[in-house]
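> Listed below are the residues making up each chain.
2 protein chains.
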Amino acid sequence: MNSPAPLSKTRMNAAERRQLVLAAASKAFARGGYYGTTTDAVAREAGVSQPYVVRMFGSKAELFREVFARAVERVMTEFEPVLAKISADPENEELWGEMGAAYTQLLLDDRDLLLVMMHGFAAGSTPEIGAQARTWMTRIYTEIRDRSGATPDQVRTFIAGGMLLNTLVAMEAPQHAANDADLAELASCAFGDGLDAAAGEAVDATG
Amino acid sequence: MNSPAPLSKTRMNAAERRQLVLAAASKAFARGGYYGTTTDAVAREAGVSQPYVVRMFGSKAELFREVFARAVERVMTEFEPVLAKISADPENEELWGEMGAAYTQLLLDDRDLLLVMMHGFAAGSTPEIGAQARTWMTRIYTEIRDRSGATPDQVRTFIAGGMLLNTLVAMEAPQHAANDADLAELASCAFGDGLDAAAGEAVDATG
DNA sequence: ACGATAAGTAATCAAGTGATAACCTGTCAA
DNA sequence: TTGACAGGTTATCACTTGATTACTTATCGT
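Chains A and B, in that order, give the protein sequences.
Numbering-wise (the working numbering), the first sequence opens with residue 1 and increments by one.
Numbering-wise (the working numbering), the second sequence opens with residue 1001 and increments by one.
It is worth saying that the hints were derived from the structure and are not from the lab.
Treat the hints with caution; some may be incorrect.
[Stated by the list, open to error] Label pairs and their in silico Cβ distance ranges:
1) A:152 - B:1101: 15 to 25 Å
2) A:97 - B:1040: 30 to 40 Å
3) B:1152 - A:93: 39 to 49 Å
4) A:152 - B:1092: 17 to 27 Å
5) A:151 - B:1108: 22 to 32 Å
Cβ coordinates follow ideal geometry from the N, Cα and C atoms, glycine included.
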């Protein structure tokens, strides 16, 4: 299937290589989701052989689980300081904007994380993934709720906004905003400022 | 691959059969998304042979496009009367609740529609699907905005709520709410009333 | 009756896919 | 030096999957 010429003869220790493969898998799964991504694509992205990827994680499903978990954990970590602020000053509605900004920033920083997260949720009807997806969604919800002391509806609204952002990124709305004023309006409304930075280079109208 | 014994010798005309296959495809794609669903699964669901499905629509991608389009169109149709009301009485904030209720009702009525829609959006990075996904998202946005006369942010908030509902349904949150009080709280907050009806039979904790 | 056309199916394929087994080769302790 | 283990790869498999081709058989106008 795939057998990249080893770029260098020097070897990595397993832990290092593992991180590298996880990063590659994150990128690959972000694009295609669970079913739409082959282990070979991950391997190529990582610059290793396909059997190595499979053996390293046992199975494709196991690999996805790990990538999924890392993504959610990273998101939660990024929320942490803002949640601390909200916890200290619960009345300050403005801090929710800061939460949104944190999410948007993460998106600009590493969109793959959020896309992986979304694909995990979307593949929730697949039993192997679904249970984990529910667990993570619950964790996200309770963490935000408990740390912020917000009402369920406040938390719901925030998470909902995140889901829309994920969706817009998944359909590459920012890249195509230049060709569609209405889509641009929705995107800029959802992303707030900093969208322009996110857009990167636009894509021609045929895309 | 699949060759179901013809249940009856009587034939349908193509148009009828087409609708039947589209309904089956809707169900199948709702579960697995684009990549996670085989044409054979669609065929089995429809009770026809796999080659027939492919030939009838030209390709799997074409079939999905049609299913996707029907789903979005159906959703828009369902919004129509409520949008008319909002248009006539723009100040009445309560009508947005009615929009949400319309969406929830559609969800209870035929969750497949919304799941297909979501999977279409989620698969947006696949070029064949992405362009259509963006077109539809734009259509939904402009339609709601123009017919209601609402601000972009009002519309954004509404669509965001829809995306969360889709996600929760995709991960089968209602069915598992009984086993997880926090997930149940989020779900009941997102769905509003009528969730209990949606839950149907719960599923044991291993699911 | 009959033949043309539409509504299907059976058989088959080439490509792709996750996984396994067997093998190679740096690296490092003794 | 050497030998053993960790870090990889090559080769290969069984199975799936979308698609194509060729065939069968209802149905209906004449």
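> Against each hint, give a clear statement of whether it holds in the structure.
Going down the list of hints, with the structure as the test:
no. : hint                       : result
1   : A:152 - B:1101: 15 to 25 Å : holds (18 Å)
2   : A:97 - B:1040: 30 to 40 Å  : violated (49 Å)
3   : B:1152 - A:93: 39 to 49 Å  : violated (20 Å)
4   : A:152 - B:1092: 17 to 27 Å : holds (25 Å)
5   : A:151 - B:1108: 22 to 32 Å : holds (25 Å)
In summary, the numbered hints that this structure violates are 2, 3.
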